[in-house]
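Top to bottom, those sequences are chains U and C. The opening residue of the first sequence carries number 1 in UniProt numbering; numbering runs sequentially from there. The opening residue of the second sequence carries number 1 in UniProt numbering; numbering runs sequentially from there.
In short, the hints are calculated from the structure, not lab data. These numbers come from a predicted model, not from an experiment. Please note that the accuracy of each hint is not assured.
[To be verified] Between beta-carbon pairs, the in silico distance windows are: (1) U:T276 x C:P71: 45 to 51 Å; (2) C:D61 x U:K15: 47 to 53 Å; (3) U:P136 x C:G141: 19 to 25 Å; (4) U:N348 x C:R241: 19 to 25 Å; (5) C:G141 x U:C106: 26 to 32 Å; (6) C:L3 x U:P10: 34 to 40 Å; (7) U:R306 x C:P333: 31 to 37 Å; (8) U:E336 x C:K136: 53 to 59 Å; (9) C:E335 x U:E336: 26 to 32 Å; (10) C:K136 x U:A366: 39 to 45 Å.
Cβ coordinates follow ideal geometry from the N, Cα and C atoms, glycine included.
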Amino acid sequence: MKYMDEFRDPATAKKLVEEIKRLAPIARGQRDMPLQIMEFCGGHTHTLFKYGIESMLPADIEMVHGPGCPVCVLPMARVDDCVVIAEQPGVIFTTFGDAMRVPGTCKSLLQAKADGCDVRMVYSPMDALAIARKNPDRDVVFFALGFETTMPSTALTLLQAHREGLKNFSLFCNHITTPATMRAILTDPDLRLDGFLAPGHVSMVIGAHPYDFVTRDYRKPLVITGFEPLDILQALWMLVKQFAEGRCEVENQYARIVPEAGNVEGLKAIAEVYETREHSEFRGLGNIGDAGIQIRETYAAYDAERKFKLQAAASTHDPEHLKCADVLRGVMKPWECPAFAKTCNPQNPLGALMVSPEGSCAAYYAYGKLAKRKENT
Amino acid sequence: MNLAGTITLAHGSGGRAMHQLVDNLIRQTFTNPLLEEGEDQARIPLAELVAQGDRLAFTTDSYVVTPLEFPGGNIGTLAINGTVNDLAVGGAKPLYLSCGFIIEEGLPLETFARILQSMRLAADEAGVQIVTGDTKVVQRGGADKLFINTAGVGVIPAGFNPSAGGAQVGDVVIVNGWLGDHGAAILNARGDLALEADIESDCAPLNALVEAMFAVCPDIHCLRDATRGGLATVLNEFAERSNVDMVLKEEFLPIRTPVRGMCEILGLDPLYLANEGKLVAVVPITAAQAVLAAMQRIPEGYHACIIGAVMEGDGHVILQTAFGGERIVDMLPGEQLPRIC
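Next up, chain U with everything else stripped away, as it sits in the complex:
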């Protein structure tokens, strides 16, 4: 298939892997442990597992799976808020599909739907807007979730609703920003990371420069990376090359999509509609300043949080025995969590990392069996 198969070519992969293997020991240098490379984004984690890329890498490189999965870092209290909104009479609650299974303290949206709430899966916020037009007597709420990738589309949808004067449409805004989240990881005293693969689709919106602080202030090389398996291998090659050559830069592997300055129109819409929240809670990571996003006062009428007068939800903590936070920060591997594959599994996920296929625990749950099988044979 055009524009797909050329990014999955096994022969090119082999060449890249050979180059990575050649450079990796030089890149690792005198470190007593393998190079710790964090792929920030759940999309990258997904590609790593889907194509079995980790099994192709030399022992000098270890991938650390980052928190860049919007449903994984969503605090349970926010899911509870979703359920509270969905339970209001007359509400149609619309959401992306994979947010439906995330457990709240009491129930997930999927369970709320089964209990009679009108919860609908949509593929785009514009679909939610169409539902609002068709149902003028119902209150349609869209669960705006995700990093900068989904922010332009929700902002533009809100602006469209505003232009049309739709009174029955609002966003429940739970957007978060990538650079602020990355900064929180970098300031962690337990940090053992050496470099980053940064999500290409985020940079498609924000460009390359918001990451300058990573190399300047923290001296960690970073490569903006696409989502095909060859993208990831090429980005890893670029990263080990930086280490081997003693460079520390923000490089753009995804140049076919990512413009240096990002998407100007998208950024304009984001700036028009959104502002940063002082504090926002991340599941497993706690409060991160300036990482959360809220709707500006000007558009308060489209803010579900104000419309439904949500009380600031009490902070809900994951149970003590769940180590989601440590796994999210990359200081613990999924299988080192005492609940992993025992009380917490894809059929009955306790932590969000087990819910989404992009969550590292769910990925390891499947992949781990393969690794174990290989150990046994």
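Guided by the hints, dock chain C onto chain U, whose structure is given.
Frame of chain U, contents of chain C only:
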């Protein structure tokens, strides 16, 4: 019968309206001698059955689908082919079906008549007769337009005994063609994706295909139709029940470009998409070429191919990716949900 208007509660009342619907529309469309006897049950001569095999196969399935009609079929063709296929993959020759309708009031009579007509055509194509049935009408909201249940009986010839636990190390895994068409067609037909993909359901009867396969290899080890949950789910059942691994080669998997494209966009895996005219067979390697050749002579098997092999293991399905890696293809915990980004 005048097909203007809609089905109302009166059509399920037991009175004249119901008799008109049943006699003038349903019975007339499905007509055959057993149905025409007009009793409360079909009376099937045993001798005919006994002459064709040594076991009776009996199965039932209920059909609910949105939308009712989609490219490549409708709920009626599903209801016939689905039950025919459940019989066929047991090695049975499908013979007689029952058919129960649960209709939500307000269904246009014309739509219902069109669905009945396609059921008749599907039954004729599969060589089965609808010999008994039931019709209920429920209030608006009590059902979603139309639900159909069909049960079927067939006869299994002596010696045919495929089973999910029958896979042996060294066997090969065969499918009869393109995977995921039905699931993708339904997603596309719902229209909320606004994709311009040209995908038709693969809804088809598989009994002729299965008959051709058994004719060249009575010792087919496992045979299932890969409906809900797709190829991945069936293979996981085989692997678990047989306590072996099923190893697939990604580049062997037959998936149409539009289906692949849709899955890429939505973050779905075509291995879990539903099929309505696809079977998975595990056969001894010595018979593989003969089975393939026999399949490829039947329209439903034109694109039949080998997709993998059975290896020693403890019940997993493993995909060797075209890229050079390996991954486990597990059963899904629930419905496949599209990703955010």
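Checklist entry - That 26 to 32 Å hint for C:E335 and U:E336 (C-beta), does it hold up? => result 30 Å, holds
Checklist entry - Between C:D61 and U:K15, is the Cβ distance one that fits in 47 to 53 Å? => result 51 Å, holds
Checklist entry - Is the gap between the beta carbons of U:T276 and C:P71 within 45 to 51 Å? => result 47 Å, holds
Checklist entry - In this structure, is the beta-carbon distance linking C:G141 and U:C106 contained in 26 to 32 Å? => result 28 Å, holds
Checklist entry - Holds or violated: 31 to 37 Å for the Cβ distance of U:R306 and C:P333? => result Once the Cβ atoms are compared, 36 Å apart, the range 31 to 37 Å for C:P333 and U:R306 holds.
Checklist entry - At the C-beta level, are C:L3 and U:P10 separated by a distance inside 34 to 40 Å? => result For U:P10 against C:L3, whose Cβ atoms are near 57 Å apart, the range 34 to 40 Å is violated.
Checklist entry - Using the C-beta atoms of U:P136 and C:G141, is the stated range 19 to 25 Å upheld? => result Given a distance of about 21 Å, which is inside 19 to 25 Å, the answer is holds.
Checklist entry - CB of U:N348 to CB of C:R241, is that within 19 to 25 Å? => result At roughly 23 Å between Cβ atoms, C:R241 and U:N348 fall inside 19 to 25 Å, so the hint holds.
Next on the checklist: Within 39 to 45 Å: is that where the Cβ-Cβ distance between C:K136 and U:A366 falls?
Outcome noted: Holds, since C:K136 and U:A366 (Cβ atoms, about 43 Å apart) stay within the stated range.
Checklist entry - Between U:E336 and C:K136, does the C-beta distance stay in 53 to 59 Å? => result About 56 Å separates the Cβ atoms of U:E336 and C:K136, which means 53 to 59 Å holds.
The structure shown violates just one earlier hint, number 6.
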